[in-house]
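Going line by line, the protein sequences match chains X and R.
Numbered per the numbering used here, the first sequence finishes at 112, counting up by one with no gaps.
Numbered per the numbering used here, the second sequence finishes at 110, counting up by one with no gaps.
Please keep in mind that the hints were generated in silico from the structure rather than gathered at the bench.
Each hint should be verified, as a subset may be incorrect.
Unchecked claim - No more than 27 Å apart at the CA atoms, straight line, and that leaves these computed lysine-lysine pairs for BS3-like: (1) Lys80/R to Lys71/X; (2) Lys99/X to Lys17/X; (3) Lys99/X to Lys71/X; (4) Lys79/R to Lys1/X; (5) Lys1/X to Lys71/X; (6) Lys17/X to Lys1/X; (7) Lys94/R to Lys17/X; (8) Lys57/X to Lys94/R; (9) Lys99/X to Lys57/X; (10) Lys17/X to Lys57/X.
Claimed, not checked - Non-contacting residues of chain X with respect to chain R, defined by C-beta distances greater than 10 Å in every case (computed): (11) Gln22; (12) Gly41; (13) Thr56; (14) Ala86; (15) Ile89; (16) Asn96; (17) Phe102.
Just so you know, even glycine gets a beta-carbon here, dropped at the ideal spot from N, CA and C.
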Amino acid sequence: KNQVEQSPQSLIILEGKNCTLQCNYTVSPFSNLRWYKQDTGRGPVSLTIMTFSENTKSNGRYTATLDADTKQSSLHITASQLSDSASYICVVSSINTDKLIFGTGTRLQVFP
Amino acid sequence: SQTIHQWPATLVQPVGSPLSLECTVEGTSNPNLYWYRQAAGRGLQLLFYSVGIGQISSEVPQNLSASRPQDRQFILSSKKLLLSDSGFYLCAWKQGYGYTFGSGTRLTVV
Numbered sequence: 001k002n003q004v005e006q007s008p009q010s011l012i013i014l015e016g017k018n019c020t021l022q023c024n025y026t027v028s029p030f031s032n033l034r035w036y037k038q039d040t041g042r043g044p045v046s047l048t049i050m051t052f053s054e055n056t057k058s059n060g061r062y063t064a065t066l067d068a069d070t071k072q073s074s075l076h077i078t079a080s081q082l083s084d085s086a087s088y089i090c091v092v093s094s095i096n097t098d099k100l101i102f103g104t105g106t107r108l109q110v111f112p
Numbered sequence: 001s002q003t004i005h006q007w008p009a010t011l012v013q014p015v016g017s018p019l020s021l022e023c024t025v026e027g028t029s030n031p032n033l034y035w036y037r038q039a040a041g042r043g044l045q046l047l048f049y050s051v052g053i054g055q056i057s058s059e060v061p062q063n064l065s066a067s068r069p070q071d072r073q074f075i076l077s078s079k080k081l082l083l084s085d086s087g088f089y090l091c092a093w094k095q096g097y098g099y100t101f102g103s104g105t106r107l108t109v110v
């Protein structure tokens, strides 16, 4: 069964600190993996997208990694800001289907 | 530029009332369009997708329906809302590998 699991479910950090969010998936055959940021009450906004051949991709202070062998991805946030408070969603798609499999997200709160 | 519009942003409706949520895209033609629902603490669930005018695929049996009367318009409807229809509804369109989501509609059925 195609699944995407994220950890931790929620995370609280202080402003300026770094953090890493994890995503494990069982989707096969793998096509690509996306990380989205979703502010409360808003639609998800794409941060990164990686295909099978890519193992790291950065977008400003966000750096995503992908290990297609172990089917794991991480999203590292550097020097966190208050505006980073949001849910971060890992989304995986399979070559066989046009559909996305969503993780349940990690709720990040950055405190001053 | 390519944009997606979704409205209304919030909606409170009584049980048994009809529903119509609208999504339109600009700056593209013949997009693949999607309706998702996000329940509290849950991942997004695909409800419907459309690859063209009048072409609708339903992912889960439910009280809702979708229509695509125009190339860049996607509508989510219900004849009679249930309490379980409450949730956050998102429209999305796909281009290549990229998916762009609308700003969402918070539906509360009371």
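Hints, verified against the model:
For a cut-off of 27 Å, the pair hint linking Lys80/R to Lys71/X is broken: about 42 Å separates their Cα positions. For the suggested pair Lys99/X and Lys17/X, the alpha carbons sit about 35 Å apart, so the restraint of at most 27 Å is broken. With a C-alpha separation of about 18 Å, the suggested pair Lys99/X and Lys71/X falls inside the 27 Å cut-off, and the hint holds. With a C-alpha separation of about 33 Å, the suggested pairing of Lys79/R with Lys1/X is violated against the 27 Å cut-off.
The suggested pairing of Lys1/X with Lys71/X holds, with an alpha-carbon distance near 14 Å, which does not exceed 27 Å. For a cut-off of 27 Å, the pair hint linking Lys17/X to Lys1/X is broken: about 36 Å separates their Cα positions. With a CA separation close to 34 Å, the supplied pair Lys94/R and Lys17/X exceeds the 27 Å bound. Taking the CA atoms of Lys57/X and Lys94/R, the gap is near 21 Å; set against the 27 Å cutoff, the hint holds.
Under the criterion of a C-alpha separation no larger than 27 Å, the hint pairing Lys99/X with Lys57/X is consistent with the structure, at around 22 Å. With a C-alpha separation of about 20 Å, the suggested pair Lys17/X and Lys57/X falls inside the 27 Å cut-off, and the hint holds. Non-interface call for Gln22/X relative to chain R: holds, since the shortest CB-CB distance, roughly 15 Å, exceeds 10 Å. Distance check on Gly41/X: its Cβ comes as close as 6 Å (rounded) to a Cβ of chain R, failing to clear the 10 Å threshold; non-interface status is violated.
With a cut of 10 Å on Cβ distances, Thr56/X stays outside the contact zone with chain R, its closest approach being about 17 Å. For Ala86/X, the condition that its CB be more than 10 Å from all CB atoms of chain R holds, with the nearest at approximately 14 Å. Residue-level check failed: Ile89/X sits 7 Å from the nearest beta carbon of chain R, not beyond 10 Å. Residue placement check: Asn96/X keeps its beta carbon more than 10 Å from all beta carbons of chain R (closest about 15 Å).
At the 10 Å boundary, the C-beta of Phe102/X falls inside the reach of chain R, the nearest C-beta of that chain being 4 Å off.
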